[in-house]
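Peer 1: Residue numbers (this note's numbering), protein chains in the order written: chain A, 1 to 533; chain B, 1 to 327.
Simulated from the structure, these hints should not be mistaken for laboratory data.
All values reported here derive from a predicted model rather than from experimental measurement.
Careful, some of the hints might be misleading.
A partial selection of chain A residues facing chain B, derived with a Cβ cut-off under 10 Å [stated by the list, open to error]:
#: 1; residue: F138
#: 2; residue: V243
#: 3; residue: R363
#: 4; residue: R374
#: 5; residue: E376
#: 6; residue: G377
#: 7; residue: A386
#: 8; residue: Y396
#: 9; residue: R405
#: 10; residue: G513
#: 11; residue: F515
#: 12; residue: N519
#: 13; residue: L520
Where a beta carbon is used, it is the ideal one built from N, C-alpha and C, also for glycine.
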Amino acid sequence: MEIGRGSSTTALSPQITEKDQVLLLAKDIVKKFPGVVAVNHVTYDLKAGEIHGLLGQNGAGKSTLLKVLYGIHRPDHGELYVYGRKVFFKSPRDAREHGIILVHQEVTLMPHLTALENIALLGFMWRKWGARFKKTKFKLYIEDILSKFGIELDLDAKVRDLSVAEKMLVQVATALSMDARILLLDEPTSPMSPKEVERLFDAMKRLKARNLGIAFVTHRVNEALEICDRITVLRNGFKVGTVESRNIDAHELVKMMLGREASEVYMVRDFSDIDKVLARTREEVPLIELRNIVTKPQSPVEVPLKNVSVKVYRGEIVAVFGLVGAGKTELGKTLIGLTKVVSGEIRYMERRVKIKSPADALRLGIMYLPEDRRSEGLIPGFTVVANMDISSLKEYTKWFMVIDRRKEEAAGNDMVKKLNIVTPSLYVKVPKLSGGNQQKVLVARAMLTKARLVIFDEPTIGIDVGAKAEIRRLIYRYSREQGVSVLLLTSEVDEALGLADRIYVMRDGRILGEFINKNLDRDTVLKVLVYGK
Amino acid sequence: MGSEEPRTNFLRKFVEFYQTHEIAKPLIPLLLLIAASVALAPHYFLAPMNIKVILMQTTPLALIATGEMLAILMAGIDLSVGSTQAATAMLAAIITKSTGNLGLAVAVAIALGTLVGAINGTLVTKLKIYSFVATLAGLVIWRSFVIIVSGGRLIYGLSEYSVFLNDYGTYIPMGFLLALAVIIGVYLLMTKTTFGRYIYGIGSNEEAVRLAGVRADLVKFLAFTLAGALYGLGGVMLIAMGGFAVDPWSAQGNELNAIASCVIGGIALTGGTGHPLGPLLGAAILTILTNILVLLGVTELATQQIFVGIVLIAAAASLTRGLRYVK
Ligand SMILES: Nc1ncnc2c1ncn2[C@@H]1O[C@H](COP(=O)(O)OP(=O)(O)O)[C@@H](O)[C@H]1O
Ligand SMILES: [Mg+2]
Numbered sequence: 001m002e003i004g005r006g007s008s009t010t011a012l013s014p015q016i017t018e019k020d021q022v023l024l025l026a027k028d029i030v031k032k033f034p035g036v037v038a039v040n041h042v043t044y045d046l047k048a049g050e051i052h053g054l055l056g057q058n059g060a061g062k063s064t065l066l067k068v069l070y071g072i073h074r075p076d077h078g079e080l081y082v083y084g085r086k087v088f089f090k091s092p093r094d095a096r097e098h099g100i101i102l103v104h105q106e107v108t109l110m111p112h113l114t115a116l117e118n119i120a121l122l123g124f125m126w127r128k129w130g131a132r133f134k135k136t137k138f139k140l141y142i143e144d145i146l147s148k149f150g151i152e153l154d155l156d157a158k159v160r161d162l163s164v165a166e167k168m169l170v171q172v173a174t175a176l177s178m179d180a181r182i183l184l185l186d187e188p189t190s191p192m193s194p195k196e197v198e199r200l201f202d203a204m205k206r207l208k209a210r211n212l213g214i215a216f217v218t219h220r221v222n223e224a225l226e227i228c229d230r231i232t233v234l235r236n237g238f239k240v241g242t243v244e245s246r247n248i249d250a251h252e253l254v255k256m257m258l259g260r261e262a263s264e265v266y267m268v269r270d271f272s273d274i275d276k277v278l279a280r281t282r283e284e285v286p287l288i289e290l291r292n293i294v295t296k297p298q299s300p301v302e303v304p305l306k307n308v309s310v311k312v313y314r315g316e317i318v319a320v321f322g323l324v325g326a327g328k329t330e331l332g333k334t335l336i337g338l339t340k341v342v343s344g345e346i347r348y349m350e351r352r353v354k355i356k357s358p359a360d361a362l363r364l365g366i367m368y369l370p371e372d373r374r375s376e377g378l379i380p381g382f383t384v385v386a387n388m389d390i391s392s393l394k395e396y397t398k399w400f401m402v403i404d405r406r407k408e409e410a411a412g413n414d415m416v417k418k419l420n421i422v423t424p425s426l427y428v429k430v431p432k433l434s435g436g437n438q439q440k441v442l443v444a445r446a447m448l449t450k451a452r453l454v455i456f457d458e459p460t461i462g463i464d465v466g467a468k469a470e471i472r473r474l475i476y477r478y479s480r481e482q483g484v485s486v487l488l489l490t491s492e493v494d495e496a497l498g499l500a501d502r503i504y505v506m507r508d509g510r511i512l513g514e515f516i517n518k519n520l521d522r523d524t525v526l527k528v529l530v531y532g533k
Numbered sequence: 001m002g003s004e005e006p007r008t009n010f011l012r013k014f015v016e017f018y019q020t021h022e023i024a025k026p027l028i029p030l031l032l033l034i035a036a037s038v039a040l041a042p043h044y045f046l047a048p049m050n051i052k053v054i055l056m057q058t059t060p061l062a063l064i065a066t067g068e069m070l071a072i073l074m075a076g077i078d079l080s081v082g083s084t085q086a087a088t089a090m091l092a093a094i095i096t097k098s099t100g101n102l103g104l105a106v107a108v109a110i111a112l113g114t115l116v117g118a119i120n121g122t123l124v125t126k127l128k129i130y131s132f133v134a135t136l137a138g139l140v141i142w143r144s145f146v147i148i149v150s151g152g153r154l155i156y157g158l159s160e161y162s163v164f165l166n167d168y169g170t171y172i173p174m175g176f177l178l179a180l181a182v183i184i185g186v187y188l189l190m191t192k193t194t195f196g197r198y199i200y201g202i203g204s205n206e207e208a209v210r211l212a213g214v215r216a217d218l219v220k221f222l223a224f225t226l227a228g229a230l231y232g233l234g235g236v237m238l239i240a241m242g243g244f245a246v247d248p249w250s251a252q253g254n255e256l257n258a259i260a261s262c263v264i265g266g267i268a269l270t271g272g273t274g275h276p277l278g279p280l281l282g283a284a285i286l287t288i289l290t291n292i293l294v295l296l297g298v299t300e301l302a303t304q305q306i307f308v309g310i311v312l313i314a315a316a317a318s319l320t321r322g323l324r325y326v327k
C-alpha cells in the first residue's frame, strides 16, 4: 500500500503550489440559522504561504465561516473556489479530498491511543478500512514529515498525556500526513499557555514557509498581529474589513472588532438620574462586594481571577467590559459559587458570605444569566413559560409542591406583554423561538425571581440588532423601575457606555480600571483595555 | 375526491395526536396489540381468567418500570432494580414467616427499597458516581444480600399475600388496583408538582437547571429514593403475583424488563421526555406480548425473548427518530 498522497487523497491539489497563489476563495458567503445570520455576505481568500487571520468577538461568525469552508455547513448563498476551480462540498469528506483540513476548537482526538495511531487513523489511513497497521513504516513516514516541517512530537506517547499544544500539533500533523495544503485552525490558542502558543506559532511559521495556507481564527488581537500576514475582521456576521498586519496596530484592530453601533441601538439610558444613583456609592454600603478575589481554574479554558475587587450598589447598573478571555464569566460565576476561590472574600451588605452554589446565590437574591444560552440557559424540553419560572417556581404553587397553573400562566402572560416576546403561545417549546426572544425568556426568568442583583453575561450576543436594542432597554428599565442592581458582563464597549452607571475594564483576569459613566469618552476606555493604563 | 376528504382529515388528526401527545407512543401500539390479540385468539385472550393473569403479571413490572422511569427521565439509569426487588421480597417473606404480620412485612419491604434508593441517590449526588456504575454495584451487592439472608433457600407458602389477588368477582386483583393508585400518584407528582418539573428539567438540560438556582442534587436524591420505594412495593407484588414464594434468584434481570417497559412506554433514554404513565403501558405491552405468544403456542422462553427484543428495537427507533446520531 502506498502511503499518503498517491492513492485516494487530494486528487485535485496540484503537486506544487507557488507562493501567493490563491488556494481558496470563498465568495459572498451567507449562512443563516434560525433567528440569526451567522455569516452575512463575507468574502475570504487564502493564499499559499500565508497566514490569514479571522478576528472577531464571540458570535462574530468565525467558526461558522470555517465550517462552511470545510463542508460542515452548506452556505445559503455564495461560492467556493479551490485552486480557482468552483467546488461544492457536501460534507467534510469532500473538503478533505481537496486538501482542506479543519482543526477544531475543541480537540477531537482519541485520547487513549498514541500520537502515531491518531495521526495514522485520522490522517493518511482515513477511509482505508481493513488496511494493515504497519507501525514501523508509518512511524518513519510521519517522522519524515515532522522533521520536514520542524515539528517535535513524541509519537509513542498516549494523546491523553500530551499538553494542549502538543495535542494541537498532533492534529496539525494529521493534516500534514494527508498532504493537506489548506489548514483551518479554529481558536487553537484559547486553552494554551503563552509558551505553548509560541510553540504552535513556530510550527505555523514553518508550514507557511512551505507554502501552506493557514486560516487562523482567534479573538486575541495581539496574537493576530504577531502571526498573521493579513487579518479579516468579522463582527455580527459581517466582514468589517481585511487589513495587512504590518499596516495596523492593536488599538485600531480593537476598534474594528468592536465596531461602532448606531447610538440609537446602544444608548438606551438618559443621564438625568445618574447623580442620584451614584450618590448611593457614597451614602450606602455596597449590596455586593468582591474583595481581592483570586481563583484557581478548574479547566484549561477557565481564566483565573487575579485580585479582583468589584462593588455593586443598590439599584446600580455596573458593567464589566473586556474582550473574550478577560475573565468576565469567571467573575460572574464566582458570585454564584461556581469557581474555586483561593483567597479574597465576598460581602453581602458588608456581611461576609460563602456562596457555594447557584441555589445559595439565589437565596441571597443573586441571579446569573449565562452567556451560552443554548447550553447553560435554556431548557429545550420545556415550554416558554416553564423556562421563565424555573427559578421562581415555588412562588407559583398552591399547596406544598402543587403548581398553580393559573397563576403560572398569568405571570407568563404578563412577561410576554412586558417584554414583548414574540411566541405563538406560552406552551410551545422554547427552541421554537428566535434568538432574541429566547434571550427575553431568560430575562423574564430573572425578573420573576425578584432578585436583588442580576448578572447578565453577554446578554446581546448572537441576536439581531433590533432585539439587541430592545433587550438593553429592558434591562435599563427593569433596573430603574424595580431598583434591582445589574452586573453587566460585556465585550461591547458601546453596550457598557449606553447602559451602565459605572464601568470596570477587565483583561487577563485583572481589573485594569474603573470609570464613572459620566461624560466618559469611548477612546479612554478602549485605551485602558489595550494599553493597561 | 369528496369521500377522500374526511379520511385524510382523520389521518391528519391521528398523526397530530401521535405527535403532540407523548402517551400516544405506547397507547396506540397497546391498542393495536390488544386488537391483534383479540383477533388471533378471541376465546382465550378475552377469557376473564386470562385478563386477570395479564393484570397480575403487569403489576410488579409496572411498579418497577415506573421507578426506573424516574432515573431515566433524569438521563440516568438504575440497574439495581431486580436485586432490590428481590431483597425487599425476601425480607418481606422472612418477616411474614416469622411474625405472620403482613402489614409489618410490607412496611419493612418498602422501607428497605427506600433505603436502597437513598443510597443510590447519595452515591450519585455526593460521591458523583455515574448512576450506571453506582446502581451496577447495587445490583451485585443487593443480590448477595438476598442470598445471605435467605441462606440460599426458597421461601414458599406465603398465602397471606393472597389478599392482593382478591378481586371480589371483578377479575381485577386488588394488588393491581393498589399499584395503579400508586402509579397515578407518581403521575400526578410528575405532572402537577415542582418536583416533577425539576426532574424533567434535569433530564433536558441539567446545567441550565442548576444555574437557574434549583437544588438539583436534592431533586435527584429524592427521585432515586422514590424509585427505591416503588421497587419495594414491586417486591411485595412479586410475592403476591408469583405464587406466594421467593427464591434467592427471583427478579433476576428485571432491571432489563423495567428499562424495556420504559423504552416501549416512550421514555427516551436521553432523558427529559416521556409520559409518566408510559412505563405502565409499556409493562402491559410486554406482558400481553408474552401472553399472546403463549396462547399461540410459543411457550419457549428463548423464542418469546426474541419477539420482545424486536418490539424493543422498534420502540427505541421510534423514540430517537429525528436525532442525528445516538451513542
Ligand atoms: N448550529 C447552530 N445553530 C444555531 N445557531 C448557531 C449555530 N452555530 C452557530 N450559531 C450562531 O451563529 C452565530 C455565530 O456563531 P459562531 O460562528 O460560533 O461565532 P464565533 O466562532 O465567531 O464565536 C452565533 O450567534 C451563534 O449563536
Ligand atoms: Mg468559535
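Peer 1: None of the hints should be skipped; say for each whether it holds.
Peer 2: Here's how the hints hold up against the structure:
Hint status for F138/A: violated, given a least beta-carbon distance of 29 Å to chain B, over 10 Å. For V243/A, the interface hint is violated, since its Cβ never comes within 10 Å of a Cβ in chain B; the closest pair sits about 38 Å apart. Against a cut-off of 10 Å between C-beta atoms, the interface hint on R363/A holds, since the closest Cβ of chain B lies about 8 Å away. A least Cβ separation of about 9 Å between R374/A and chain B falls short of the 10 Å threshold, and the interface hint therefore holds.
Because the beta carbon of E376/A sits about 5 Å from the nearest beta carbon in chain B, less than 10 Å, this interface hint is met. Because the closest C-beta pair between G377/A and chain B is about 6 Å apart, less than 10 Å, the hint holds. Because the smallest distance between the Cβ of A386/A and any Cβ of chain B comes to about 7 Å, under 10 Å, the interface hint for this residue holds. A least Cβ separation of about 9 Å between Y396/A and chain B falls short of the 10 Å threshold, and the interface hint therefore holds.
Interface restraint check: R405/A against chain B, minimum CB-CB distance 8 Å, threshold 10 Å, status holds. Interface hint status for G513/A: violated, as the beta-carbon distance to the closest one in chain B is roughly 29 Å, over 10 Å. Among the interface hints, the one on F515/A is violated; its C-beta lies about 30 Å from the nearest C-beta in chain B, farther than the 10 Å criterion. Taken as an interface hint, N519/A does not check out: its beta carbon lies about 37 Å from the nearest beta carbon of chain B, beyond 10 Å.
The criterion of a C-beta within 10 Å of any C-beta in chain B is not met by L520/A, whose closest approach is roughly 32 Å, and the hint is violated.
Of the numbered hints listed earlier, those contradicted by the structure are 1, 2, 10, 11, 12, 13.
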